[in-house]
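Engineer: Residue numbers (the working numbering), protein chains in the order written: chain A, -15 to 220; chain B, -15 to 220.
You may find that some hints are simply not true.
Unchecked claim - Taking lysine-lysine and the BS3-like style, the derived pairs with C-alpha atoms no more than 30 Å apart in a straight line are:
1) B/Lys99 with B/Lys163
2) A/Lys154 with B/Lys140
3) B/Lys154 with B/Lys51
4) A/Lys218 with A/Lys121
5) B/Lys189 with B/Lys140
6) B/Lys115 with B/Lys154
7) B/Lys68 with B/Lys51
8) B/Lys68 with A/Lys121
9) B/Lys140 with A/Lys218
10) B/Lys163 with A/Lys163
11) B/Lys163 with B/Lys121
12) A/Lys68 with B/Lys115
13) A/Lys68 with B/Lys121
14) B/Lys121 with A/Lys121
15) B/Lys51 with A/Lys154
16) A/Lys140 with B/Lys218
17) A/Lys163 with B/Lys193
18) B/Lys115 with A/Lys154
19) B/Lys121 with B/Lys10
20) A/Lys115 with B/Lys59
21) B/Lys59 with A/Lys163
22) A/Lys115 with A/Lys10
23) B/Lys182 with B/Lys102
24) B/Lys115 with A/Lys99
25) B/Lys68 with B/Lys163
26) A/Lys15 with A/Lys140
27) B/Lys189 with B/Lys154
Unchecked claim - From the derived model, a few chain A residues whose C-beta atoms are all more than 12 Å from chain B:
28) Tyr(-11)
29) Leu(-3)
30) Leu12
31) Lys40
32) Val47
33) Arg55
34) Asn70
35) Met126
36) Ala142
37) Arg158
38) Ser164
39) Ser180
40) Gly191
Simulated from the structure, these hints should not be mistaken for laboratory data.
Every residue gets a Cβ at the ideal spot worked out from N, C-alpha and C, and that includes glycine.
Read off the chains here:
There are 2 protein chains.
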Amino acid sequence: MELFYGRVGDENLFLFDAEESAHMVKVLRHKAGDRIQAMDGSGILYTVELQECSPKGSAARIVGEDKDWDRREYKIELAVCPTKNNERYEWMGEKVTEVGIDSLVPVIGERSERKVYKTERMRRILLSAAKQSLKTKLPQVMEPMSVLEFIERTPKNALKLIAYCFEGEKLSIREALEKSSNPEVVILIGPEGDFSPKEVAAALKAGFKAVHLGPSRLRTETAAICAVMSVYNKYM
Amino acid sequence: MELFYGRVGDENLFLFDAEESAHMVKVLRHKAGDRIQAMDGSGILYTVELQECSPKGSAARIVGEDKDWDRREYKIELAVCPTKNNERYEWMGEKVTEVGIDSLVPVIGERSERKVYKTERMRRILLSAAKQSLKTKLPQVMEPMSVLEFIERTPKNALKLIAYCFEGEKLSIREALEKSSNPEVVILIGPEGDFSPKEVAAALKAGFKAVHLGPSRLRTETAAICAVMSVYNKYM
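Whenever a hint applies, use it, and build me the whole structure from the sequences.
Structural biologist: So this is what it looks like as structure tokens:
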């Protein structure tokens, strides 16, 4: 099964841009009349029948909608500091999208080596990962913000978890998830240099629970994947 | 803390080869008299005092041994089919080493796209990952073998899990781990084209339990990481 990305237009049409259409027509040799599966990132799986089909753009008629295709029992907002090496951060983005998250927030910590971050590439990578793993719900990629700003903006009613390295009272993430029935989880992962004590104090004050990710010393991107997979594991 | 790799020599000496010594001397400017931490891959953390130190090779005196540094409650043998794209497989090797496994077996499935596999690069990658994550126990990388051969050679008393995609009666890996108190786990992950029914039948006959890795459609390398992290999660 192949999943194409486009948007809902007027009058029950589904529209594909030039890039997607070129792939559809030139590589996969689709033509008018073909029925294909499509997503617009909202979570719905569309079945559409191609009407006009060219490498410059295509239009299709929506013939079916499955609103339950990507329904998940949990929601994850993953805030993680961009790593110095962009490739590692992008691998992480791909992996967590395959597993299933709702939003990715690049946060800049006081000790972050990378202080600026451009989201454009990550959005393309997550779209590609969603299509490949047949996910119709595309994770949102937020614009970067400081860790402290993120902490202030986190919704009150989520289960909020901060994983930091320096000494402190922490539950394992598994225990923290076991103790809570809240399916909305916010995960906050620090940079290679760890969160600062000030950032951790602010998080705890805002209701974040301190967690550790087991005895192994994990890279930032591995820690993020580990945390997401802990949630996924609970609900599998 | 930096971890250096070498081997135990005669008379309580610890020896470093040219490559390691060059890094030690030229980059980190170590000299005779310095105390450093070292590993030989056995699991022991050595504290050694440099005696002779040159870019061509170094020798140190062992002054301390910590046998518990890398003690883990579980053992994992991870057998996974090499992916068509080598980089993905190597990235997986790095991640599972950070988390902690005991051996990696490249297995060739009937439906594998990649039928040959050279282990040399992977060994270097796992060593680098072990050093970076301060693991003194280096996972073994076995020479490739067929899936059927691997199934025959698996020890009887481990908890053996096979994750395949086609329909069948399966527990989630979390449930399979919950039901067992066996800390020795063998994980078998198939190629992009899945295991063949013949391979799955052979595995089940040899005592493997059929598991799934949740509702998401995971790439081979992501499935391997997910399975390893499920074990890690249980014991964290």
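Engineer: Take a quick look at whether lysine 68 of chain B and lysine 163 of chain B sit within 30 Å of each other, Cα to Cα.
Structural biologist: With a Cα-Cα distance of about 34 Å, the restraint between lysine 68 of chain B and lysine 163 of chain B is violated, given a limit of 30 Å.
Engineer: Need the status of pair lysine 140 of chain A, lysine 218 of chain B: alpha-carbon distance at most 30 Å?
Structural biologist: Holds, at roughly 29 Å.
Engineer: Given the hint that lysine 163 of chain A pairs with lysine 193 of chain B, does the C-alpha gap stay at or below 30 Å?
Structural biologist: Holds, because 29 Å separates the two Cα atoms, which is no more than 30 Å.
Engineer: Take a quick look at whether lysine 218 of chain A and lysine 121 of chain A sit within 30 Å of each other, Cα to Cα.
Structural biologist: 20 Å, holds
Engineer: Need the status of pair lysine 68 of chain B, lysine 51 of chain B: alpha-carbon distance at most 30 Å?
Structural biologist: 38 Å, violated
Engineer: Hey, lysine 115 of chain A versus lysine 10 of chain A, does the alpha-carbon distance stay inside 30 Å?
Structural biologist: Holds - the C-alpha atoms of lysine 10 of chain A and lysine 115 of chain A are around 19 Å apart, at most 30 Å.
Engineer: Taking C-beta pairs only, is serine 164 of chain A more than 12 Å away from all of chain B?
Structural biologist: At roughly 16 Å from the nearest Cβ of chain B, serine 164 of chain A sits farther out than 12 Å, so the non-interface label holds.
Engineer: Starting from lysine 121 of chain B, check that the Cα of lysine 121 of chain A is at most 30 Å away, please.
Structural biologist: 40 Å, violated
Engineer: Since methionine 126 of chain A was said not to touch the interface, does its Cβ keep a gap of more than 12 Å from each Cβ of chain B?
Structural biologist: Fine: 22 Å to the nearest Cβ keeps methionine 126 of chain A off the interface.
Engineer: Does lysine 163 of chain A lie within 30 Å of lysine 59 of chain B when you go C-alpha to C-alpha?
Structural biologist: 27 Å, holds
Engineer: Verify the proposed pairing of lysine 182 of chain B with lysine 102 of chain B, using a straight-line Cα cut of 30 Å.
Structural biologist: Between lysine 182 of chain B and lysine 102 of chain B the Cα gap is close to 26 Å, so the pair holds against 30 Å.
Engineer: If you draw a straight line from the CA of lysine 99 of chain B to the CA of lysine 163 of chain B, is it 30 Å or shorter?
Structural biologist: Distance ~35 Å between lysine 99 of chain B and lysine 163 of chain B Cα, so the pair is violated.
Hints 1, 2, 3, 6, 7, 14, 20, 25, 26, 33, 37, counting from the list given before, are not met by this structure.
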